[in-house]
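Build the full structure now, drawing on both the sequences and the hints.
Chains as they are written, first to last, in numbering that gives the first Met the number 0: chain A, 0 to 230; chain B, 0 to 230; chain C, 0 to 230; chain D, 0 to 230.
Hints listed in this document are in silico derivations from the structure and should not be mistaken for laboratory results. A portion of the hints provided could be inaccurate.
Claimed, not checked - Cross-link-like lysine-lysine pairs, in silico, BS3-like; alpha carbons within 30 Å at most:
1) C:K37 x D:K149
2) B:K149 x D:K37
3) C:K149 x D:K37
4) B:K37 x A:K37
5) A:K149 x C:K37
6) C:K37 x B:K37
7) A:K149 x B:K149
8) D:K37 x A:K37
9) A:K149 x D:K149
10) C:K37 x A:K37
11) B:K37 x D:K37
12) B:K149 x C:K149
As the list claims (entries may be wrong) - Computed from the model, here is a short list of chain B residues facing chain A with C-beta under 10 Å:
13) Y3
14) V5
15) M29
16) A104
17) A106
18) G210
Think of the CB as a built atom: it goes at the ideal place given N, C-alpha and C, for glycine as much as any other residue.
Listed below are the residues making up each chain.
Protein chains: 4
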Amino acid sequence: MPEYSVPRRVAAEALGTAFLVATVVGSGIMAETLTPDKAVALLGNTLPTGAILVVLITILAPISGAHFNPAVTLVFTVLRQLPMSLAGLYIVAQTLGGIAGTVTAHAMFGQSFVQASTHIRTGGAQWFSEGVATFGLVAVILAGVRFERKAVPWLVGLYITAAYWFTASTSFANPAVAVARSLSNTFSGIRPADLPGFIVAELAGALVAAGTMSWLLSPASTVAHTERAAP
Amino acid sequence: MPEYSVPRRVAAEALGTAFLVATVVGSGIMAETLTPDKAVALLGNTLPTGAILVVLITILAPISGAHFNPAVTLVFTVLRQLPMSLAGLYIVAQTLGGIAGTVTAHAMFGQSFVQASTHIRTGGAQWFSEGVATFGLVAVILAGVRFERKAVPWLVGLYITAAYWFTASTSFANPAVAVARSLSNTFSGIRPADLPGFIVAELAGALVAAGTMSWLLSPASTVAHTERAAP
Amino acid sequence: MPEYSVPRRVAAEALGTAFLVATVVGSGIMAETLTPDKAVALLGNTLPTGAILVVLITILAPISGAHFNPAVTLVFTVLRQLPMSLAGLYIVAQTLGGIAGTVTAHAMFGQSFVQASTHIRTGGAQWFSEGVATFGLVAVILAGVRFERKAVPWLVGLYITAAYWFTASTSFANPAVAVARSLSNTFSGIRPADLPGFIVAELAGALVAAGTMSWLLSPASTVAHTERAAP
Amino acid sequence: MPEYSVPRRVAAEALGTAFLVATVVGSGIMAETLTPDKAVALLGNTLPTGAILVVLITILAPISGAHFNPAVTLVFTVLRQLPMSLAGLYIVAQTLGGIAGTVTAHAMFGQSFVQASTHIRTGGAQWFSEGVATFGLVAVILAGVRFERKAVPWLVGLYITAAYWFTASTSFANPAVAVARSLSNTFSGIRPADLPGFIVAELAGALVAAGTMSWLLSPASTVAHTERAAP
Numbered sequence: 000m001p002e003y004s005v006p007r008r009v010a011a012e013a014l015g016t017a018f019l020v021a022t023v024v025g026s027g028i029m030a031e032t033l034t035p036d037k038a039v040a041l042l043g044n045t046l047p048t049g050a051i052l053v054v055l056i057t058i059l060a061p062i063s064g065a066h067f068n069p070a071v072t073l074v075f076t077v078l079r080q081l082p083m084s085l086a087g088l089y090i091v092a093q094t095l096g097g098i099a100g101t102v103t104a105h106a107m108f109g110q111s112f113v114q115a116s117t118h119i120r121t122g123g124a125q126w127f128s129e130g131v132a133t134f135g136l137v138a139v140i141l142a143g144v145r146f147e148r149k150a151v152p153w154l155v156g157l158y159i160t161a162a163y164w165f166t167a168s169t170s171f172a173n174p175a176v177a178v179a180r181s182l183s184n185t186f187s188g189i190r191p192a193d194l195p196g197f198i199v200a201e202l203a204g205a206l207v208a209a210g211t212m213s214w215l216l217s218p219a220s221t222v223a224h225t226e227r228a229a230p
Numbered sequence: 000m001p002e003y004s005v006p007r008r009v010a011a012e013a014l015g016t017a018f019l020v021a022t023v024v025g026s027g028i029m030a031e032t033l034t035p036d037k038a039v040a041l042l043g044n045t046l047p048t049g050a051i052l053v054v055l056i057t058i059l060a061p062i063s064g065a066h067f068n069p070a071v072t073l074v075f076t077v078l079r080q081l082p083m084s085l086a087g088l089y090i091v092a093q094t095l096g097g098i099a100g101t102v103t104a105h106a107m108f109g110q111s112f113v114q115a116s117t118h119i120r121t122g123g124a125q126w127f128s129e130g131v132a133t134f135g136l137v138a139v140i141l142a143g144v145r146f147e148r149k150a151v152p153w154l155v156g157l158y159i160t161a162a163y164w165f166t167a168s169t170s171f172a173n174p175a176v177a178v179a180r181s182l183s184n185t186f187s188g189i190r191p192a193d194l195p196g197f198i199v200a201e202l203a204g205a206l207v208a209a210g211t212m213s214w215l216l217s218p219a220s221t222v223a224h225t226e227r228a229a230p
Numbered sequence: 000m001p002e003y004s005v006p007r008r009v010a011a012e013a014l015g016t017a018f019l020v021a022t023v024v025g026s027g028i029m030a031e032t033l034t035p036d037k038a039v040a041l042l043g044n045t046l047p048t049g050a051i052l053v054v055l056i057t058i059l060a061p062i063s064g065a066h067f068n069p070a071v072t073l074v075f076t077v078l079r080q081l082p083m084s085l086a087g088l089y090i091v092a093q094t095l096g097g098i099a100g101t102v103t104a105h106a107m108f109g110q111s112f113v114q115a116s117t118h119i120r121t122g123g124a125q126w127f128s129e130g131v132a133t134f135g136l137v138a139v140i141l142a143g144v145r146f147e148r149k150a151v152p153w154l155v156g157l158y159i160t161a162a163y164w165f166t167a168s169t170s171f172a173n174p175a176v177a178v179a180r181s182l183s184n185t186f187s188g189i190r191p192a193d194l195p196g197f198i199v200a201e202l203a204g205a206l207v208a209a210g211t212m213s214w215l216l217s218p219a220s221t222v223a224h225t226e227r228a229a230p
Numbered sequence: 000m001p002e003y004s005v006p007r008r009v010a011a012e013a014l015g016t017a018f019l020v021a022t023v024v025g026s027g028i029m030a031e032t033l034t035p036d037k038a039v040a041l042l043g044n045t046l047p048t049g050a051i052l053v054v055l056i057t058i059l060a061p062i063s064g065a066h067f068n069p070a071v072t073l074v075f076t077v078l079r080q081l082p083m084s085l086a087g088l089y090i091v092a093q094t095l096g097g098i099a100g101t102v103t104a105h106a107m108f109g110q111s112f113v114q115a116s117t118h119i120r121t122g123g124a125q126w127f128s129e130g131v132a133t134f135g136l137v138a139v140i141l142a143g144v145r146f147e148r149k150a151v152p153w154l155v156g157l158y159i160t161a162a163y164w165f166t167a168s169t170s171f172a173n174p175a176v177a178v179a180r181s182l183s184n185t186f187s188g189i190r191p192a193d194l195p196g197f198i199v200a201e202l203a204g205a206l207v208a209a210g211t212m213s214w215l216l217s218p219a220s221t222v223a224h225t226e227r228a229a230p
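Have a look at this one:
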């Protein structure tokens, strides 16, 4: 597989996160405009988000790895699959790209570009939800990369489709997306003051998943091999 | 394909069943909270369940086979594809994992961890539904493994998506999940007293499917081969 | 690929059509019971039907070809890809299997096993809809088999998902399924008196598609080859 | 891969665009007839459109490339992957096919064949939406063709599924489809007077995407190769 230059990799992270956030925020605005039924609105928010994740990861993973998520970038850095210097650039690109996504969504719907969300999302149940959501996301990515790399775009899209519904927080599971959503006072927003709790829970869930999967994914036969190889 | 150790296999069954039940129960709570329309709620329960099944089977099948279901484990044991001792461990792991999934869902939604369901699901039509649902599930798995092993995660996810709607019982089709759902007095619960009827019907459907598919999946050419091989 | 015996092929056609009809009829009953919104009900009828088609075609095509549809069987017979004698058995199996599917759905929902539908579906617009729907179905199958055989289950499932909505008749596109649905006085039923119009339109659409695709799918390079081969 | 003759390629473009528009317009009519909830209606319009795109691109791409869209044809012409003469024929076929699709949908629903839409879609936010929508569509196609050609039908179907919701214009992203939709005074229509704004925005978005992706998709290793090859 060809290597892509750092500017292109960083651009891919920014562009992907921008489209992801534009989809989350934009479909949320569309949905709450069209229906009073909050479950129908969440369906109208879920399907586009799952769908665009499959698309964005498929087309940008060959360039940048398609993290679009500082928690994922952190895990790959901890697992020494991404150099620290590049990780920093990725996280900046994801954050700025995410904000650009919110602004783009607002512009498409004729709203003021930047807003402060008043959507309260805090408390232990919400934080536990974000921890579980990000644990699952990272577990899916690590096992997916190991066993079925070509399916990873689908696995992530389907996992988030499920996690929108099975967590009480609708599964942000992404610090850059959380920051970007704090700038939208619409369906998918989050109050800026509630960001720290979400981000800490997400990073904790990601690191627990990295540890758990490191154990779970070690095959017995490797051990056996090593043992057999010994004299 | 590498072999995984027994503790990892058992952990994969527990983790997978936990995430499956957390999705079923959690999305049920989310759905009934958001809408008065019961069909919209069932959509909000169906899509996450189908989606997470594709994900969980893809990422855990290489480790444990991804049964997450005592009826499936029973069938593979009867077909001598799983040793009896391991089957026992699997079923314990599935049951405990399932209960952990219910507790996790309740914790995410700020509810008391364990509840006794009052959702009545009993009678001949319900039992027949569970029998048909599990017959279909096992038939899909056995034929899928035979003809298109890589598609099995999709086949199971799509089958359950359909079975939520075409059976009167919304297709539990899984004794461990049924037990776990009896501990949640929410959308997806089942009264503990109604468990025996469901479990018997599920196991019966599974065994009928194992017999039916053993016949249906034997190709004529194997017979021909044997006959030609005879002197 | 191994060959399957005639009894197994016929059984596969019956079993597949039974599950298909049980899904169509059963999900229709579930949907209309749960919601007063007819579009939500149609979503709850569409998703299971599309999903089960992907599953059934994947697992039964290696045995029988997975027609489940006399119009499809007719096309393959006309194109000399299925002997006439087998075609007759297929159509009988599809029809009886479909009726068994209706009875199964009714039994699962505690309804009387056989009912006469009073759902009126007649007139030029409905017939034209059925013609277009079956034209499209056969075109999709013939081109899919030619270009991307492994994708055919998905193509048919997705096509029917679309056709439920873009035709005024919700796209029966299948004479055996139409007969089976005439025995259910529920959401997905059709008045027995309206069957002939539907069946004629479906067969006409199928044959037009067979002709059109025979032309469209002939590559220019074959012609060129033949011409080059001439002295 | 065999080559197809020009008449077949042009017929494939016309047939594909006709089915695409019949799906968009037909499912819109079905949806708005069945429900007063506009988000449910949009779901009933989105799912069929996404599904039929996967199907049509899979079965017709081997014949014509499956553009169904003058903006896409323009991009491939600018990138010198399609001769100008053929591009002209494609655009005529797409436009006439699209109109035939509208007429077919109207006939299936018993409506007058051609109507003038009164659905107002104009202004900066709408135009910006169309620009973003078409930028994304072309970016997805160009990167998909580069990295994962077999997945392109899915990528386009999923992208449009998302774009129906995340843009304020429900993402026409296609001048031929826009023209065809101007002839339907139903859910998915557009006032003829609003066509120029949409078409200009779509073509602008497409060209910006072509430029952006030309840069983004150039791998560093190609450059390195060239440099290493130099003496």
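Consistency of the hints with the structure:
no., hint, result
1, C:K37 x D:K149, "36 Å, violated"
2, B:K149 x D:K37, "39 Å, violated"
3, C:K149 x D:K37, "37 Å, violated"
4, B:K37 x A:K37, "13 Å, holds"
5, A:K149 x C:K37, "39 Å, violated"
6, C:K37 x B:K37, "13 Å, holds"
7, A:K149 x B:K149, "12 Å, holds"
8, D:K37 x A:K37, "13 Å, holds"
9, A:K149 x D:K149, "12 Å, holds"
10, C:K37 x A:K37, "18 Å, holds"
11, B:K37 x D:K37, "18 Å, holds"
12, B:K149 x C:K149, "12 Å, holds"
13, Y3, "6 Å, holds"
14, V5, "8 Å, holds"
15, M29, "5 Å, holds"
16, A104, "7 Å, holds"
17, A106, "6 Å, holds"
18, G210, "32 Å, violated"
When held up to the earlier numbered hints, the structure conflicts with 1, 2, 3, 5, 18 and fits the remainder.
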